[in-house]
Amino acid sequence: MQLKAENVSFQYGENMPWILKDINFAVESGERVGIIGPSGYGKSTLSKIMAGYYKPTSGKITLDGESLPQKGFCPVQMIFQHPELSVNPRWKMEKILNECWKVDEDTKHAFGIEKDWMGRWPNELSGGELQRFCIARVLSPETKFLICDEITTMLDVITQAQIWKVLLEVSDKSNLGMLVVTHNMALAEKVCTRMIDITKWNK
Amino acid sequence: MLRRSNGKGWNGRSRVFILLIVATVYLVGIFVWGITMNPVKYGVNYSEKLVSPCIKHLFGTDFMGRDMFYRSIKGLSNSIRIGLIASVISSIVALILGIVAAIWGGWIDKVINWCVDLCMGLPHLVLLILISFMMGKGVRGITVAVALTHWPSLTRIVRAEVMQVRNSQYVQAAYKMGKTKVQVAVTHILPHVLPAYLIGLVLLFPHAIMHESAVTFLGFGLPAEMPAIGVILAESMNYIVTGKWWLAFFPGILLLMAVLLFDGIGESLKKLWNPGSGNE
Amino acid sequence: MEEKVLRNVLEINDLVVSFEMYQKGFRKKKLEVLHSLSLDVKEGEIVAVVGSSGSGKSVLAHAVLGLLPKNATMTGNIKYQGELLTPKERKKYLGREIAFIPQSVDYLDPLMKVGKQVVGVYSSKERQRQLFEKYQLKKEVEDMYPFQLSGGMARRILISAAVTEEPKLIIADEPTPGLNVELAMDTLRHFRKLADNGTSILMITHDIDLAFQVADRIAVFYAGTIVEISPTGDFLAGGKNLRHPYSKAFITALPQNEFQPLKGTQPYAGDLPEGCLFAPRCPKAEIACNGKIAMRDLREGKVRCIHAT
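Chains as they are written, first to last, in this note's numbering: chain A, 19 to 221; chain B, 755 to 1034; chain C, 292 to 600.
Honestly, the hints are just simulated from the structure, not real lab data. Where is the CB? At the ideal position from N, CA and C, for every residue including glycine. Some hints could be false.
Claimed, not checked - Residues from chain C that keep clear of chain A, each with C-beta distances beyond 10 Å, as calculated:
| hint | residue |
| --- | --- |
| 1 | Y313 |
| 2 | V341 |
| 3 | K404 |
| 4 | R418 |
| 5 | N488 |
| 6 | D500 |
Claimed, not checked - Label pairs and their computed distance ranges (CB to CB):
| hint | chain 1 | residue 1 | chain 2 | residue 2 | range |
| --- | --- | --- | --- | --- | --- |
| 7 | A | P56 | C | P360 | 30 to 40 Å |
| 8 | A | D124 | B | W868 | 14 to 24 Å |
| 9 | B | M874 | A | P56 | 23 to 33 Å |
| 10 | C | K429 | A | S27 | 38 to 48 Å |
| 11 | A | S85 | B | V880 | 49 to 59 Å |
| 12 | C | Y436 | B | P877 | 58 to 68 Å |
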């Protein structure tokens, strides 16, 4: 499958500056494309557009030629920088984990999600532990592409290495396509199959 | 910084809980007692006019020989009933308007906000008197008046809460996970708004009761023959100069206690529900 | 290089902080989040405390500044310039000699224009203008309210508010997220300059790359205590010069190094192992690790491990 950005431009309002201008690129299944660059270049905006959270001002995002579904499960899923904002603070972890699909034992095991965590509230877990939940809950068989926006930036390096190790295994096994947004060059070199320098695109 | 729990298991949370129970028992007690009370108890008895407080008449009697204790209880019970109905109506209006404004947005939001600003901009009491007078005073007039004037601040709170949760990452993510609008509203938005709504509702009671009494006191609310704190206080004004202090003092204290207790319930609920202070 | 004995500006000894939390219903439970933590910051030195987010690093800053919530209790002592930092002393120094750069704009007064807040109680308009210029903040920003600020602007405001009085000690809690790379580097360079002029800086961060850039010494924070304090050079040289097995694992997990994770997760405050907190994940753990492990000097640094060499 192919997730493609065609002539994507974006601005927040009519007279606001262009955040992105005429972006064209594609991610194939099984590929891990790194988008590298410092903050302020619209990396986060681009990820939200690719995942269908924002509509591009002009241009479009296509999945095998078709536009992304507006309703129902979206085969392009996004993982955010701050896991604590991505979970409902009034839900217990078990409910959060299974919001999307019934997460199977293999996935739980791979991410090191312990049984004991299931009955807890989100504020009783650390950021790294929450992020494992946020990733596992969207890795349903229907997910084809994963957009990772600085997903380990707020975590310590050991947790970062743990999470990426599992993600790499999973993406190889289920032939996921991934878009990896990061400012950390060393990390991108370790996890990506191909890299795009966002500073070369615009500005 | 060195703060220990106050021994014997009386920690902050149980103190708050006990206050809650006491307040609830007091208010529900008066309410039920008033409703089920035999009117004979506060009936006219010209043989015992203007008796000062004694064992038989705890709060004394008035110029028609009516027992002030029973009359005050009945009056407060009436006030609570009116306050309850008015607050519930008001809060439901607020809940609906708040959610509608936040979810639809656009011009609907603007209109609702404009109404909120308008209502909050006008002096409360003037608006209350006007509406009550227009509706022909009495129980209906005052209930409608209180109900129609107390929704704006809660509307704002509900709207803000919905707006906040609606734009949150986890709600956005839920849509992408294939959840429908209704599913999201029921599982994410409503549970988030509910605590703020309930606290708002409880905090509305004291306002509603106070305002009902105030308008009645000024003669634009409940009729003179009905036992109501406002009526009692208005009548007592004629006798205060002659030293019949009990006519205003006890009913006033009862009202004050009811208002403070409701306020106390609201504030303690707020404390318990707020994660920032929930552990104190 | 001349050798001189530097004074300790900040000294923390055996700091224990616990919170009283409600469990189900009314039962209270004491949760120890910082465990006999010791740390010192010398004159003109930048010490970075590095650890994962949510492990209680901010509590350390709050304890020094007296910002702990009501349900917290604290034992041990904190000394500033050799004097015990009591609430009274703290009041005297805070805002003048001791400055705080908090994590978020929530610490600003939402109803006060930011220019005024930066001037604060003790400083002047002139000084504020000068600082705004330095941090590339336009003049209009002065008259803005906190909610109108972008992330990067807010960060710069917080930093300028902290340095108005040329403090002797700065405590910075995650000072750079939200800044772009140049600005972050600029901020760090500014920290370095301040330090070279004698200001001591305690920088709390989860970003070890950041610490590498400016810190003189790095303190590794694990599960609520500091397991190792070492000169930055030892970290840059890779794992072999480090003392504690956790620090070694930390370096190994960096993407620029082997990117190999250590198994397991940090233990919880309510559920800590006896003795060494790292023992359950440590390859060298043995029975002796279950006893009380004290911080000890080793080479140029300090370590809390009996195996360290």
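Least C-beta distance between Y313/C and chain A, which was stated to exceed 10 Å: At about 13 Å from chain A, Y313/C clears the 10 Å cut-off, so the statement holds.
Given as non-interface: R418/C, which should sit over 10 Å from chain A by C-beta: Fine: 28 Å to the nearest Cβ keeps R418/C off the interface.
Interface exclusion of K404/C relative to chain A, criterion Cβ beyond 10 Å: 25 Å, holds
10 Å cut-off, C-beta based - N488/C kept clear of every residue in chain A: Holds: least Cβ distance 29 Å, greater than 10 Å.
Distance restraint hint 23 to 33 Å, applied to the beta-carbon atoms of M874/B and P56/A: 46 Å, violated
Distance restraint hint 38 to 48 Å, applied to the beta-carbon atoms of K429/C and S27/A: Given a distance of about 27 Å, which is not inside 38 to 48 Å, the answer is violated.
Assertion that D500/C lies farther than 10 Å from chain A (Cβ): D500/C is in fact no farther than 10 Å from some Cβ atom of chain A, at 8 Å.
Interface-negative label, V341/C against chain A, beta-carbon threshold 10 Å: Non-interface label on V341/C violated, nearest chain A Cβ at 8 Å vs cutoff 10 Å.
C-beta pair P56/A, P360/C: status relative to the range 30 to 40 Å that was hinted: Since P56/A and P360/C have Cβ atoms about 36 Å apart, the given range 30 to 40 Å holds.
V880/B and S85/A - C-beta distance against the hinted 49 to 59 Å: Given range 49 to 59 Å: holds, Cβ gap about 56 Å.
Supplied distance hint 58 to 68 Å, evaluated on CB atoms of Y436/C and P877/B: Distance hint for Y436/C, P877/B is violated at roughly 29 Å.
14 to 24 Å as the expected CB spacing between W868/B and D124/A, which holds or is violated: Hint violated: Cβ distance 56 Å, outside 14 to 24 Å.
Against the hints set out earlier in the document, violations occur for numbers 2, 6, 8, 9, 10, 12.
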